[in-house]
Amino acid sequence: MQPFAFEVAHLLAGLMVLVSFMLLYQDRMLGLIRVFALHAFVLSLSVGWQAHIQDAPHLYITAAIALVLKAIIIPVALNGMVVRLGIHRTIETVGGIGPTMLLGMGLVALSMVVMLHATAGATPLAREDLAFALSVVLLGLLMMVTRRNAVSQVVGFMSIENGLILAAAGAKGMPFVVEISVAFSVLVAFIVIGVFLFRIRERFDAVDIEAMQEFRGERQ
Amino acid sequence: MSITTADLPFDPVTAILVIPAASALVLAVLPGYRLTARLNVLATGLTFLGALALLVVRPAPGEYLLVDDLNTVFVVLGTFVGFTTAVFSASYIAHEVDIGKLTLGNLRFYHAMYQVLMFAMNLALLANNIGLMWVAIELATLTTIMMVGIYRTHEALEAAWKYFILGSVGIAMALFGTILVYMAAQPVIGEGQDAMVWTALVAHAHDFNPDLLNVAFIFLMLGYGTKVGLAPLHAWLPDAHAEGPTPISAILSGLLLNVALYAVLRFKILLAANPNAIAPGPLMVTLGLISLIFASFMLYRRRDIKRFFAYSSIEHMGIITFAFGMGGPLANFAGLLHMTMHSLTKSAIFFAVGHVAQVKRTQRLADISGLTESHPLLGWGLVLGVVAIAGLPPLGIFMSEFLLVSSTFARAPLLAVAVVLGLLVALGALLLRVSQIAFGSPSAGTDRVKASYVPMFAHMALVLAAGIFLPPLLVEWFQNVARLLG
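Protein chains in written order, with the numbering used here: chain A, 1 to 220; chain B, 1001 to 1486.
Each hint should be verified, as a subset may be incorrect.
Quick look at which bits of chain A chain B covers, simulated, 3 or more residues with Cβ under 8 Å [stated by the list, open to error]:
#, region
1, 9-16
2, 105-119
3, 165-172
Hint data in this document are derived by calculation from the structure and do not stem from the laboratory.
Each residue gets a CB set at the ideal place from its N, CA and C atoms; glycine is no exception.
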């Protein structure tokens, strides 16, 4: 492993964690979508770099899917939807930005400790990649629980998925990476279509999960 | 076991996978619902016959597919419940169309999705590749999400959305666990396909990095555990059961939860093959016990009949997970038996509940009473089902619960006390509700039941028969599987 290849892979995976933090503190819907597009763009760079250094051409397909679908098509679609639904207002977060960021840092520290310990025998590249990927996944989970809005939960879910693709691309020689990224894209497409076609706003009067929780326990 | 695949005119594994896949395509384009409902029954029936053939032939494990004692139990049980549910669904859905709850376009989609679901579940069970298994379970989740939302009402969409979000998070965690298993296997087995083949993984598991396997199992347990409906990851389950069409509630409880549990069991065997990895048992025991106790208390506060039985499913999945977590030949045997009995009983109960909801036009527990008087056959069928699910003798679930409790008493008396507590609390809730639904003065809604009773009573007959006499062949089979599970 040349040090340069390692450094770049390290840099790109680290950038993804950084962008995940940026997602955490976005308080405007349109800003959130833009940062998500950046997240997906960094993912495609990272996967593309992995394809280059692992000499695994099929990973270029995964990178291309990430770039075209998640960095361009989905953000544009979400953007249009948000504007059309008129919900580009402030996003409420639970517990405020500060505590959320602190919690996020704690999660990153946790994933570093766990993964670096667990993967002691693996190559440094795979170790760090996996530790960063777990951080991205945990930050995405954190985002899903701290957001109340359906669209931002979807963005949170897609950032989890980006973390998983990062992990899969870093696992050298793993089969099915392309298939899995396609399967995930289908999933994401379903969500976006779900939000769009089923007109969650019409049904729920708002894209706000708060409104959806009216029936949570029981129907009276 | 002297018959080989060559003696049969068809390959059972291919049949189990190709029949549902091909039927899905056909059903997606055919118009009308009488013909398609019958075709749906026919396809699931043929799939079940194909699964039965697995009892006598044992194809060699390949790179992608595997047939062993463990998954044969799941496949046979799954395709059987799939078949009887299709029979129930055919008459149930006809009524839903008559009263205008579903359109014909919806139905075409419904039947196609039913077959896709069967295909995905069979593929998940037969997969010898952990990546393929993950993809199949994701496909099964997606199809059920769409079927839960099929009525397009406010509640149905909310249930589908919640299921979608929680199911996706579960699926994501399971994938992370799968990647970690690959990372653990890759230094030992080498890069590529082989490091994801389950049989190869088990054969080499003792050389894997135990720390990595531990982390992987936690992710897999939480991820697939979400789909099993274990508390505290169960939030999607009651909504999905209550708002979807009743045949889907039966499929969810009787089949899909088992498929997810099967995935957990596969990885449990993998971990058990590595001497330095954590014992997977305690984690499963803890989650199972939490689900059992939590769900049995929650039963008292349900006001919707389908939600009520959905919580009962959480309770029973908890018992089954607990049993497999305890491990050992007796507890594993009890777990397998309980899983089989629960699938049969719970789907029978959902068939009954479907009839009830159609004649009473409500799912509210408070609005249903005196069922044994207005609809004697249905009322007593439901009473029998609830008696069975509550674990009273002489029905099948009593046997498995008795086995579980007595074997647990011998090894961990405190845990056994907790299990008994959960079972008794649930028993109280079940008897309380069933006495109110079944007896007293009949509530409004005295239409005749239009759907068929056959599937419900067929299931109950099997449960009763198993409670009285278990065929030695079945016992031997389950003992084999129990040994395999360790």
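To see whether the hints hold, each was checked on the structure:
no.: 1; hint: 9-16; result: violated (count 0)
no.: 2; hint: 105-119; result: holds (count 5)
no.: 3; hint: 165-172; result: holds (count 4)
When the structure is compared with the earlier hints, a violation turns up for hint 1 alone.
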